[in-house]
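Protein chains: 2
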Amino acid sequence: MGKVFIVGIGPGNEENRTIRADRALEACDVIAGYPVYVDLVKDRYPGKELVSTPMTQEARRCQMALDLAKSGKTVALVCSGDSGIYGMAALVYELRGENSEPEVEVVPGLTAACSGGAVLGAPLTHDFAVISLSDRLTPWETIENRLRCAAEGNFAIAIYNPASHGRPDHLKRACDILLRVLPEERLCGIVRNIGREGQSSRILTLGELQAADVDMFCTVFVGNSSTKVVNGALITPRGYRNV
Amino acid sequence: MGKVFIVGIGPGNEENRTIRADRALEACDVIAGYPVYVDLVKDRYPGKELVSTPMTQEARRCQMALDLAKSGKTVALVCSGDSGIYGMAALVYELRGENSEPEVEVVPGLTAACSGGAVLGAPLTHDFAVISLSDRLTPWETIENRLRCAAEGNFAIAIYNPASHGRPDHLKRACDILLRVLPEERLCGIVRNIGREGQSSRILTLGELQAADVDMFCTVFVGNSSTKVVNGALITPRGYRNV
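Quick note, the sequences are listed as chains C and G, same order.
The numbering of the first sequence is my numbering, which starts it at 18 and goes up by one.
The numbering of the second sequence is my numbering, which starts it at 18 and goes up by one.
Bear in mind the hints are in silico, worked out from the structure with no lab data behind them.
Built from N, CA and C at the ideal position, the CB exists for glycine as well.
Do not take every clue at face value.
Label-pair restraints from in silico Cβ distances [stated by the list, open to error]: (1) C:Asp186 to G:Gly224: 41 to 49 Å; (2) G:Pro52 to C:Asp230: 41 to 49 Å; (3) G:Met72 to C:Thr73: 44 to 52 Å; (4) G:Ser217 to C:Trp157: 34 to 42 Å; (5) G:Glu158 to C:Glu43: 43 to 51 Å; (6) C:Glu66 to G:Asp60: 34 to 42 Å; (7) G:Glu202 to C:Lys189: 36 to 44 Å; (8) G:Met72 to C:Met18: 40 to 48 Å; (9) C:Asp230 to G:Gly224: 43 to 51 Å; (10) C:Asp230 to G:Ala44: 23 to 31 Å; (11) C:Leu67 to G:Asp60: 44 to 52 Å; (12) C:Thr73 to G:Glu122: 34 to 42 Å.
Derived contacts from chain C toward chain G, CB cut-off under 8 Å, selection only [unchecked claim]: (13) Arg34; (14) Tyr51; (15) Leu108; (16) Phe145; (17) Ala146; (18) Cys166; (19) Glu225.
Put together the whole structure using the sequences plus the hints.
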């Protein structure tokens, strides 16, 4: 009987990967995952069997990883960022059900809240919420309610999946909700291609964010009422006195 | 002129550290930080100058790191977990102010939401909020409001600093707030000493959490309305169909 490592590979580049993730990828027989993520790691771990399925085939992909482990292979199922946060870990547990075999190990990774925050400065130093704008698996009303609650709680917010091909206006609609509670001048940031070629970032207001051009490679940050820009860095102070 | 790396060392053990954090610690002249965190890394990076200040002296600690960098040293200012999330990154930027020297680089790390979630299973696979119960720098009313908003948004919640010596009843008070909105049966988890000696975890209900024994080495997870236990793992499904 083999084993499934569900590996958070971080934002993409090798240096932002954990040593534990690196070891799991070294040790495995098979690398499984969404094609973009398999492509990000395959050159560094040559000689591995590669297995991928397209988007919308997540359950099939996880089942293949479990089946390969049952046949004796050690499988690294790779996820972008963290393997738990919007990753495949929960789905693998669901599919394995009440069986205790094959063994499953969740290997966490840097999620975009951490890796993208570091690019901008430190926008999440105080309490924050993480919300995905993908309504493929979540009713849009649930997303709207969470945006409203996050704004009312004065949370800093990290927004994942701010746009996709099929839904280019999701971020605009999210800003409409946020602007019912938050001022137009609220400071925000966008990071694109975190840890990958062509990484870029910008700082802007919530009013400007509403019209900003984003795609599926962007992570968006909305500050809380204390967020400020210091010498080009977007930071949310924790409240240390005499600073 | 030297440089300050603000290094998220992850939960504590070396294998959950990123390669980038490992390199910064290898390269530095000085390791600065809260004594517990300096102790976690010092044996692996011998020969470094060690600088620490006690809790409540965070601004002094960050200023010392900046001053050492100005004197030509390369400084790794270590933070537990991520360097941005409740870490020192924002404070260093505030203290440096509008100067662009010394150079500052934020090196992200695994925050307890990721590393602790992986120990329990995958409790944060859907939208979540991160809230610290420390009221040393934050009015308790702000914390209460955020707990209420997170519950109303049906967020999974990661609770940092659930108790301390001075305030042993913070988690109980937080549960009182959550229980005004959430049912007693809501599934929760506690992870203690993530990635360190004596790591332990347990799964319990919100009603049980209210009376649970926690300390400053614990991170607490509160599930959303879909969270379930599958063969001992606490998971929050994302909503994949036919599973």
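Status of the hints after comparison with the structure:
no.: 1; hint: C:Asp186 to G:Gly224: 41 to 49 Å; result: 42 Å, holds
no.: 2; hint: G:Pro52 to C:Asp230: 41 to 49 Å; result: 47 Å, holds
no.: 3; hint: G:Met72 to C:Thr73: 44 to 52 Å; result: 49 Å, holds
no.: 4; hint: G:Ser217 to C:Trp157: 34 to 42 Å; result: 40 Å, holds
no.: 5; hint: G:Glu158 to C:Glu43: 43 to 51 Å; result: 50 Å, holds
no.: 6; hint: C:Glu66 to G:Asp60: 34 to 42 Å; result: 38 Å, holds
no.: 7; hint: G:Glu202 to C:Lys189: 36 to 44 Å; result: 38 Å, holds
no.: 8; hint: G:Met72 to C:Met18: 40 to 48 Å; result: 47 Å, holds
no.: 9; hint: C:Asp230 to G:Gly224: 43 to 51 Å; result: 48 Å, holds
no.: 10; hint: C:Asp230 to G:Ala44: 23 to 31 Å; result: 37 Å, violated
no.: 11; hint: C:Leu67 to G:Asp60: 44 to 52 Å; result: 39 Å, violated
no.: 12; hint: C:Thr73 to G:Glu122: 34 to 42 Å; result: 39 Å, holds
no.: 13; hint: Arg34; result: 6 Å, holds
no.: 14; hint: Tyr51; result: 14 Å, violated
no.: 15; hint: Leu108; result: 6 Å, holds
no.: 16; hint: Phe145; result: 6 Å, holds
no.: 17; hint: Ala146; result: 4 Å, holds
no.: 18; hint: Cys166; result: 3 Å, holds
no.: 19; hint: Glu225; result: 22 Å, violated
Hint compliance for this structure: hints 10, 11, 14 and 19 are not met, and every other hint is.
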